[in-house]
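Here are the chains, one letter per residue:
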Amino acid sequence: MSQQFTNIYKDHYDKVYRLCLGYVNGDETVAKDLAQEVFIKVWEHLDQFKQKSSIGTWIYRITVNTCLLFIRKNKKRSYNLPETQEDDHNVEEEEKVHQNRLKQMYACIQQLKETERIVILLVLEGLPQKEISEITGHSHQNIRVMVHRIKEKLTKCVSHGI
Amino acid sequence: MEFKDIQNTWQQQSGQETTLPDFEPVKQKLQKLRKGQRITQLILGITGIVLIVFFFYISAYKYNGTLLGMSLLIGVIVTRVWIEVRSRQKLRNINILLSLEDFKAQLISYYEKRKTLAFRIIPILLIIYNIGVFIMMYYFYKYLSRGFFYYVVISYGVSFIILFYFIRKQVLEELFILKTLQED
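From first to last, the protein sequence lines are chains A and B. So in my numbering, the last one in the first sequence is 162, and the numbering has no gaps at all. So in my numbering, the last one in the second sequence is 184, and the numbering has no gaps at all.
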């Protein structure tokens, strides 16, 4: 099991970390703690993985549930992306625009409700709707409607700041 | 701007370097922690038994009148600790492999039970505890020096206020969590 876990850890750490990062408004320290918490649970429950779904879906389930548990305790904390230094001339204009948009995205994601936030993070990661419905337990039809609505909300927020 | 642009911006993040933290120390720490928890439980259990035996020994041979007061105090503390330990176990035992919706439903149910605990059980326990304190105060007044008696009264008052503040804070936090979960 140890080697199996090591492979899973190597293959899935990045995506788990990124989802956690989105969930906690870009706070890298908190996201690392959360990702670690996720893999502790993966390690503890690996023998219960029945291969009914892909290992990726199974890990995402653990990730979103862990996020939900964690964020409850820390709801009032404010998270911020690391600031780009204004006087750093090496930072190209394009990179600054990218960073600002990213920052705006994190802020907009934070404004969403818990389930919406999880769903949109899964969409942003490029997961198919069928897999999202397996992770969340919503019907495929429900997810389709939900994704459409959240996409509109997020696009509007990132574009106009509302 | 379209959603595709947003998604591209998001996925470009993956280009950023994330170093894979070593998981081995976590595993070892976790194993030590589990061992530590078992030892703590054992020590707590033995301490509890010793305290109960000692309490009955003292009560039976020296101050019979304190038996009721002490029983109420110890009874409330033991009950409160037991409820809290069970409650934390229940939270830990919620199946992390459930779908998000089922997991959330279980969380809501857990926090609803915590609400009942906060507004029904805890006030009753606090009343019983205070009855125990008042009974004990009578004996403290009778057998202790005035100075020491007032010291006991004041320190009880201060610790009760501090305890009440923390209980209130925790209850408000849990109510907030429940509200957020139900809104979703």
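Just so you know, these hints were derived from the structure itself, not from any lab. Just so it is clear, the structure is predicted and the values come from calculations on it, not from any experiment. Possibly wrong hints are sitting among the right ones.
[Said to hold, decoys possible] List of simulated lysine to aspartate or glutamate pairs, DMTMM-like, C-alpha gap at most 25 Å:
no., chain 1, residue 1, chain 2, residue 2
1, B, Lys-169, B, Glu-84
2, A, Lys-15, B, Asp-22
3, A, Lys-130, B, Asp-22
4, A, Lys-41, B, Glu-24
5, A, Lys-15, B, Glu-84
6, A, Lys-130, B, Glu-24
Verification of the supplied hints:
Using a Cα cut-off of 25 Å, the hinted pair Lys-169 of chain B and Glu-84 of chain B holds, with the two alpha carbons roughly 16 Å apart. Of the pairs offered as hints, the one joining Lys-15 of chain A and Asp-22 of chain B holds, with about 17 Å between alpha carbons and a cut-off of 25 Å not exceeded. For the hint linking Lys-130 of chain A to Asp-22 of chain B, the alpha-carbon distance of about 33 Å lies beyond 25 Å, and the restraint is violated. As the CA atoms of Lys-41 of chain A and Glu-24 of chain B are separated by approximately 14 Å, the hinted pair is consistent with the 25 Å bound.
In summary, the hint linking Lys-15 of chain A to Glu-84 of chain B is not supported, as the alpha carbons are separated by about 35 Å, beyond the 25 Å threshold. With a C-alpha separation of about 34 Å, the suggested pairing of Lys-130 of chain A with Glu-24 of chain B is violated against the 25 Å cut-off.
The structure fails to meet hints 3, 5 and 6 from the earlier list, while all remaining hints are met.
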